[in-house]
Amino acid sequence: MRSRNRQIFESNGEIFFVTSTIVGFINIFNRNEYAEILIENLNFYQKRGDFVVLAFVIMPNHFHFIVKTNSMSISNIIGNFKRYTSKQITRKLLEQNDLKLIEKLYTFGQNEPSTDSKIWKPRFDCFTINNIETLKQKIEYIHFNPVKKGIVNTSEDWKYSSAVNYKGGEGLVEVDTEWKCLGY
3 MRSRNRQIFE SNGEIFFVTS TIVGFINIFN RNEYAEILIE NLNFYQKRGD FVVLAFVIMP
63 NHFHFIVKTN SMSISNIIGN FKRYTSKQIT RKLLEQNDLK LIEKLYTFGQ NEPSTDSKIW
123 KPRFDCFTIN NIETLKQKIE YIHFNPVKKG IVNTSEDWKY SSAVNYKGGE GLVEVDTEWK
183 CLGY
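Using my numbering, you'd call the opening residue of the sequence shown number 3 and step up by one each time.
Keep in mind the hints are simulated off the structure, nothing from the lab. Treat the hints loosely; a few may be bogus.
Mimicking SDA-like on lysine to any residue, the simulated pairs with C-alpha atoms at most 20 Å apart in a straight line are [to be verified]:
(1) Lys70 <-> Asn82
(2) Lys140 <-> Gly15
(3) Lys182 <-> Thr156
(4) Lys70 <-> Lys151
(5) Lys182 <-> Ser73
(6) Lys94 <-> Glu42
No experiment lies behind these values; they were computed from the predicted model shown.
My request is simple: use the sequences and hints to build the entire structure.
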């Protein structure tokens, strides 16, 4: 059943600025083993051809991606991404017997409708990027997010971000910094 406020994005081949958040805004990705799950999945879905990554940041309790979709809708892509990462995060929590975090996620997850694993909030925010100026502004926003939150002093110091890619370094995810997928 659809939430009445949820907009479904069904266009393929568009550029999207996507945000999704952990239930209860719990800081889970400040631990490398959980952030790495998102990195691995971001790389997997990109290599599979679902999208091209133009920018990303993984913050302690949410992520921002800018992606150009290929053959699948953004709703399907993010739904698959969240479903699979939920399973992997849950598995890791159980392996590590992290009962305190499991209980926190469970408690906050009970307030969320229709989520199986209670890791992610059931919806995601998505904004279609229609021009280069907006793309540049959203990339800058993404990269500055860890600095704004006081996590690092410079954007390229945050390893779970594409900022290092845009500075000419090699990041954890392949990023189309030259926007070749857009014809540049």
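Here's how the hints hold up against the structure:
1. A hinted pair counts as satisfied when its Cα atoms are at most 20 Å apart, and Lys70 with Asn82 qualifies at roughly 16 Å.
2. For the hint linking Lys140 to Gly15, the alpha-carbon distance of about 18 Å falls within 20 Å, and the restraint holds.
3. Proposed proximity of Lys182 and Thr156 is contradicted: the alpha carbons are some 26 Å apart, above 20 Å.
4. Taking the CA atoms of Lys70 and Lys151, the gap is about 27 Å. The hint is violated against a cut of 20 Å.
5. At roughly 17 Å between alpha-carbon atoms, Lys182 and Ser73 fall within 20 Å of each other, so this suggested pair holds.
6. For the proposed pair Lys94 and Glu42, the alpha carbon gap of about 14 Å is at most 20 Å, so the pair holds.
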